[in-house]
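Join the two chains, each given in its own frame, into one complex according to the hints.
Now for the letters of each chain:
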Amino acid sequence: MRNYILRRLLILIPIMLGVSFLTFAMFRMIPGDAAVLRCQLGCTPEVLNDLRHEMGLDRPWYQQYGDWLWDVGHGDLGKSLTESRLPVTTELDRRLPITGELLVMTMIMALLLGIPPGVISAIRPGTPLDWLARLGSVLWLSIPSFWLGILVIAFGVSWFNWTPPQFGRGYVPFMDDPWVNLQQFFFPSLVLALAIAAAIMRLTRSSLLEVLGNDYIRTAWSKGLRERTVVMRHALKNALIPVLTIVGLQVGALIGGSVIIESVFNLNGVGKYVLEAILRRDFFVVQSVVLLFAVAFVTANLVVDILYGWLDPRIRYG
Amino acid sequence: MAREVAASIAFEEAVPPRIPALRRALQMARKHPLGVFGVVVVAALMLTGIFAELVAPYDPLAPNRTTKAFAELAAPVDAQTDVFTVKDGADLGYGQTVGIDSEEIIVLIIDGNTITVQRGAEHTEPTSHDAGAALGSSTVDSVSGPSAKHPFGTDRLGRDVLSRTIFGARISLMIGLVAILFGVTVGSFLGVISGYIGGLVDSVIQRSVDALLAFPPVVLLLAIITVIGDEDSAVRTFLAHHTPVPQGTFLGVPDFLSIFVISLAIGLAVVASVARVVRGAVLSIKENVYIEAARAMGASDSRIMWRHILPNVAALIVILASITLPLAILAEAAVSFLGVGVPPPVPSWGADMTGPNRELALSGTWWPVFFPGLALSLVVLGFNMLGDAFRDISDPRLRGALGSGNGRGL
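Here the protein sequences come in this chain order: C and R.
Residue numbering for the first sequence is 1 to 318, as defined by our numbering.
Residue numbering for the second sequence is 1001 to 1410, as defined by our numbering.
So that you can see chain R by itself, here it is in the shape it has in the complex (with noise of 0.2 angstroms):
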């Protein structure tokens, strides 16, 4: 009794002071100050994710934000043909659209003065009739600069490029989120059982691992895209017939269904390196002496698992996932640039930094892809920032030794 008193007050005072936490965190914000910035720019991520209906000025998928009547700007050359010109002081950029009906499609391809109308579709060669129609009874939705009324410019589509970047966030961060939580929970359960119960099961399980971390990882990811993001793969029917989630607009998001595949798809990539390191932690927990008690109190195997070792290794869980986030939003954007990811109409900063927004920016029209660029290496920097100080403060020994963020040659 005695011996436990002098214990317990031994133990006290080895504590140090107490500071109250707000303190604390201010000591440790002026310590750290771009841990200060990540911590803003994620926050300011999430909020914009979470709140984009409140933030976005505009819908991010109505088109015809900045209209004019198409005849207001351009005449034909002759009535013949589908050549036209455009008229004095109408501003035109490059590769506007015209809408004749919801179906179809009209591209005007401006050069200089002249414009010249091709169809959206593939294989139709356009015809005056369409030029008659384009001019009669539709109207332009011009690609337009930064402006007061649009600070990001509109995209090709007439599209407000700032609310299609906030709705991005939406997207990365669902996304990531999801990526993150299926990986790693997928990535620990293996881990921990290989490590644990070793023998046969740890070798399948490694060599595995072996053989998807040979893989370049954008290839693997594309792979698994590619198997498990098809119309009718498996994984998708099962998911829209047995599972509840949502087939149509979810949160918000368009064709949940879709982007919630690309989720699963970057969360499988990330599963052989998340096992492989909490193999390794499982390894020398188990051979602490209070598994070795557990053992000898009769606990299970999986008791020990899942009570003993899995709250051992949670800190690892944790500081893994938040390493492995920003990648999984750069390879959302990476997968949906080379477009194999999420699909057209829904804003994501990957997709719109592709297709005609590519070729829109490769002739001077640099906003609608510039935005979402910046906002995803903004994000990814606030990830960076945020981890660098948190490895700063949990472990010094660390400091700037762990290559995080990219790297991973996105």
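Chain C with its partners taken away, still in its complex shape (with noise of 0.2 angstroms):
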């Protein structure tokens, strides 16, 4: 087991190498760098030039990504291009807990309207309770995030005279005032857990229906156990073994939805960041936190790794 982590934490290091370097070189290829934007008006070539060395650009580009990976080696993910020079670090600091929040609760919104109609209509097949949960999962897959966050602002303004509250006063958290804060993520995280919730959902319902055909659970049948004993204690267990690797590879469809909805919902998240980072090419941002989100989906897919042993025993690593 702690070798499997082990090696499985090995396997991170060619990834996150991979994603930097690729994220490197795709930014090397712009014609125009930070510093062609940040000069638009009478830039001379020697301001330019100036300016390209106080970036740093003007050195060799192995010189420029051995510097960049040397420094977050040591836990410094380099500074902004643009006039600011604020260290990614400190915008970070301020970020990441507007993502984690979002991300968590969207998390936790999938699986509350994932699991619960999944296992309704796979134990009432062919009900119009069933026939209900897949229609509403097609429909949530098919809704694209932003149209729909659009129109919830939009609705919400017109029909209820309310916004949601980081338009006027920015991110407040949890700890400072609850109440508003949860009124700040509570549409991005539903819109966001829609399409999440029905892929969910449809597993649920197919791998459940798959479970509940086993010799076993006719066994508990048969012992007279009540239902809700057989599925949830000898069958939704196992069923949600499947369900497991796709939260997991959901967490990059979140991440990358997460750039979407920030912008609708004007999150001053990660997301934002580093959007405003590709449109800028500050491209030492884009490689820092796309570096950090290559992370956070290897190792989330990691956990559930680790998980599928403890919901299946039979499960070796190998």
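Honestly, the hints are just simulated from the structure, not real lab data.
There's no promise every hint is true.
Computed cross-link-like contacts, DMTMM-like style, restricted to lysine to aspartate or glutamate with a CA-CA straight-line distance of at most 25 angstroms [to be verified]: (1) C/K223 <-> C/D312; (2) R/K1031 <-> C/D130; (3) R/K1149 <-> R/D1059; (4) C/K237 <-> C/D305; (5) R/K1031 <-> R/D1392; (6) R/K1031 <-> C/E210.
Simulated DEER-style distance windows between Cβ atoms [said to hold, decoys possible]: (7) R/P1343 <-> C/P178: 41 to 47 angstroms; (8) C/P14 <-> R/N1288: 30 to 36 angstroms; (9) C/D71 <-> R/P1244: 42 to 48 angstroms; (10) C/L10 <-> R/L1022: 57 to 63 angstroms; (11) C/F21 <-> R/R1030: 52 to 58 angstroms; (12) R/P1244 <-> C/N214: 57 to 63 angstroms; (13) C/T299 <-> R/G1339: 28 to 34 angstroms; (14) C/T245 <-> R/L1374: 29 to 35 angstroms; (15) R/S1302 <-> C/M1: 40 to 46 angstroms.
Just so it is clear, CB atoms sit at the ideal spot from N, CA and C, and this is done for glycine as well.
Okay, here's the thing in structure tokens:
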């Protein structure tokens, strides 16, 4: 077990190197760099060169990449190339709690909206309830989050005269004012959660249906156990194993979705940060944040793999 | 000889009685009503996309469809300022625009009964001269709600939202198809090579795929678009000068080159996952005896790959393409929504949901954003239902198991 985790963590290293190098290489291919974007009006070649020098963009590429890598190894994620020159870590300190809360709330909502309907539609297949749950899941899968997000805000304003609080006053931490904080995150998380909930619901349904057909379930029934016990204690635990995989894989989608939803709901999180950085060719920021995303994604999947063993003792780590 | 005859008789007996294709289709349709819905929506998308000029009631790019002389609607509070009052009975929405000439756009911010004049160009303070010019020589393109004349209403520039939504279908379809064609072709090519050749080639391709899949999909797409979508990017320059990709208006789409580049970017973003799935299938197919037989007969590696293996993964590739097409359409809308996709005047569902239309929506003018989004949702829904029915028919074991459609954070 420990060897397995260690090996998986070792695999992280080449993936991280690959991800960061790909990002680095891609952004080097863009003709105009951050220096060009920063000096637009009345920019002489001398000024441009000075800017490049200040940003360190005049060094050979391997040196730039190597230095960045060295700094990251020492916990320094580099500085923004924009005028502010803010260190990435400072920005992340401010923004990570926002994105973190968004992602956690989204995941909780996705599980709450996904698993119970999935279970109900699996134990009552063919009923109107099943039909409703399945229709809902196809709908949630098809509605783009950014459209739904805008509609929530638009109709919130015109029908209830309600705007998400972050538009007026910025992020309010949960500790300062839990009620306002939840208002800030409820709709973004709900909108982002729907598609994931739909995927979870579909998988829960099909996987539980399959498990319910097993012999040991028939045994449980014939022992005279109540339906509740059969489904909850005997079937669901096994049925949730494939669901767990989807949850792990959805973390990537979730992080990508946060980029869009943070922009729709005006949340100053990491997603909005990376979007702005991409648009400004601020490539050290993009590189560092993408690296962070990749670490989060790979770690989430590692956690899922470890949880497997806990849910299903038959699984051995090779 | 006798054995061959016996075998062929046995074979014929094994074939179920033939049902006329039409009746079989009807049977299938009755069993999968949602699939029929999918077929209808997808067919409608294709037809509207192809025949947009015939279906759309107005030109999607032309403003001025419901213009009124500005002077009829508002009067200046006093001659020296740029504040106006709305005349009684004049119905003005929010953020009307007035064009003084083709170069400039003056935005009128309407709040209750007063109108403030703003220049579209930043850093320039509006003057009473602008207001006077606006009053004297121009007309107001009004945002108007859904009506008999404009069933979906008109947007900030007075453009017909229905026509824009219809032309948006063409953009979506075009980008989706080009992206899939490109992405699935390249992905399958890499997948077959990686799976068949193995060794170092396989390792290099698969480690690159690992790295690409560790990117959140939206971020990867944004990065690719920034790289190849740039005005002077190498890809764009190459396409413009060395390939027959038209640069101007093509098939009724303005700025075709930009649209094409975005399609390529979206296609590139799906290469990794296609390559991964195809490689898996190739790994199991290459163990078959007929591959060994082909090799024994002296077939070259490339012949085995493209004549023996590729046809056997073709069905999988088609399914992959059908799952990825709605994703590509969603991806186009998402990047256009984020402002890096289809450039402004081009009618695109995603682009029409952002910028000024989004601001309009936030103040209650919902239709310019609502209808393009509705069309997008319907199309994705149609593809998802089609895909579900298709999987039900082709492999009942997969019923509802494969997470189709969205699920990629769009």
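Just pull the numbers of the violated hints for me, sorted ascending. As far as the earlier hints go, not one is violated by this structure.
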